[in-house]
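Chemist: This is what each chain is made of:
2 protein chains.
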Amino acid sequence: MLSIKELAARYNNSFSVADFRLQPTGLYQPMEHIMAIPGKRIRPLLLLIACDTFGGEVQQAMGAAHAMELFHNFSLVHDDIMDDATLRRGITTVHEKFGLNAGVLSGDALFAYAYKYLAESPEALLPSLFRVFTKAAIEILEGQQMDMDFEQRLDVTVDEYLKMIGYKTSVLLACSLQTGAIIGGASEADQARLYDFGLKLGLSFQIKDDWLDTFGDNEKVGKKVGGDIIQNKKTLLLITLLLEAGADDRAELLKLFAEEDEAKKVTGVKALYAKYQISEKALAKADALYNEALQSLADISIPDDRKANLYTMAQMIRDRDF
Amino acid sequence: MLSIKELAARYNNSFSVADFRLQPTGLYQPMEHIMAIPGKRIRPLLLLIACDTFGGEVQQAMGAAHAMELFHNFSLVHDDIMDDATLRRGITTVHEKFGLNAGVLSGDALFAYAYKYLAESPEALLPSLFRVFTKAAIEILEGQQMDMDFEQRLDVTVDEYLKMIGYKTSVLLACSLQTGAIIGGASEADQARLYDFGLKLGLSFQIKDDWLDTFGDNEKVGKKVGGDIIQNKKTLLLITLLLEAGADDRAELLKLFAEEDEAKKVTGVKALYAKYQISEKALAKADALYNEALQSLADISIPDDRKANLYTMAQMIRDRDF
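Going line by line, the protein sequences match chains U and X.
Taking my numbering, the leading residue of the first sequence gets 1, the next gets one more, and so forth.
Taking my numbering, the leading residue of the second sequence gets 1001, the next gets one more, and so forth.
Bound-form chain U, shown alone (with noise of 0.2 Å):
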């Protein structure tokens, strides 16, 4: 088995941004411009435990990770231009840099080399893995519409929130899991086990994400905290509160989404959020999804030894240690 770091070593040493230095330029800069965004590569690094874990040899899942790579930043740049966002990491997005055309179009092409990576994989696997990354794929764009679909909305379930983040964020972590077992020679019930790791920890993420931008450390999150709230971001804390407020309460929120002085917006929408304990109730959530991932993992028909570095991976992720 390899270390993780050697596993990143061989994903960072087998591709390059120069891979992309080909004409017409106007396509290839804003790939490369993305792709040069340094970046946790936490995508195609799942693909190759998960290969290396099943006994796989790795080199056989570089093209595929690299595909999961290719399409996680195809996502980056169309939800940019959706997002109309100027900045990502503190580097000008493709389309504020290159023009919205070049937004569309290398996005585009990001995801048709995902494609041409992903059938660099053993010839026998091909059928599957491109099922299993299409149907991803599908998923993923629903959840960016459903995501867009929340912002118009005050009656979103607590189902329908998870289904979304879920689509929209864990779905292309579990997509590299389950592709990395394929080809590492899982057992489609293996395969299914790793993939449900994989959704359940990204929720676990994404609900713990939500939590630090109203709660976490100032400095450690790197960015203002209450931002979500400035924005009336429907998290699951906000979605929480407005099933649970009573009429109320409720009526005063609903005031605040108007609240034009920040300070007091934060305050007054934090104040609710601790009438309803809706910080515990989510930490909880994060909790318990964080559990089912590693019962999932557990149930993995192969000794425990050899998914040290997937429990690695899973508290690095919870502990946003990478």
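The set of hints was computed from the structure by calculation and includes no laboratory data.
The structure presented is a predicted model; accordingly, all values stated were derived computationally and were not measured.
From the three backbone atoms N, C-alpha and C, an ideal C-beta is built for every residue, glycine too.
Be aware that a few hints might be false.
[To be verified] Some but not every residue of chain X turned toward chain U, in silico, with C-beta under 7 Å:
1) H1078
2) A1137
3) A1251
Given the structure of chain U, go ahead and fit chain X onto it with the hints provided.
Modeler: For chain X alone, kept in the frame of chain U given last:
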């Protein structure tokens, strides 16, 4: 062998826009809108004809046929964003009707669904089908970028132009034919001949399209003759003139680019076209490519009577008789 009419009917009966009546509607309604615009469905038809020509089972090619139509519509939706087009065949474009975000995201989903339907093809053929399709997808996106790049340039060569329109418009025809041939069991050599047939036929069609815009019969073309001239569009006609015109005529042409009187502009550019026999040269190029297409078809190693539908399609496409 099935008739062209029968094959078209089978395709049209196999798929319905209602296939997209899924949640979230914000994603699927725009897809339904574009797919419901009546069209010639030329790509799926060519695919089914190719499959049938080589004695393949047409039903096995139906998913791949639909994949080509979905991909074509994906490229229309995103190209309409890039061209800022408000109408397509007299119907409001997706981003105009549903907004930019819906245009971006539903286009992405059409692309993903193309892969989903392609995956319905016979299992053993999927690796090669996915590779052929992904190669075409990347070339088509490169072609769109080249087309946008050429708008800013005055030194586009004929070879560059042919590569651009080949990528942008012919490759998907060629890919459709090759895909049908693969499913029909054609040899690799015959697949390549059929691909070449589609590529040359598409190029010939596009050049004739450019010619018709300037020299065609107003009523037959169904749009204002001279539109390309008014927009300074880099057609084969204009590119040839830019390459061949003497210094004085070139200066005159560059002046005409800025001419605001449309009638004067069209007359002026057409006078230069006449001086350099641009019309004759473009028609000769279209004819030569058409004949090369027929030669590739003739080279395919099956009896000529089995190629009847392909010969008919070539004629119909040349004569715009569909």
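Chemist: Could you run down the list of hints and mark each one as holding or not?
Modeler: For each hint, the structure was consulted:
no.	hint	in the structure
1	H1078	5 Å, holds
2	A1137	4 Å, holds
3	A1251	29 Å, violated
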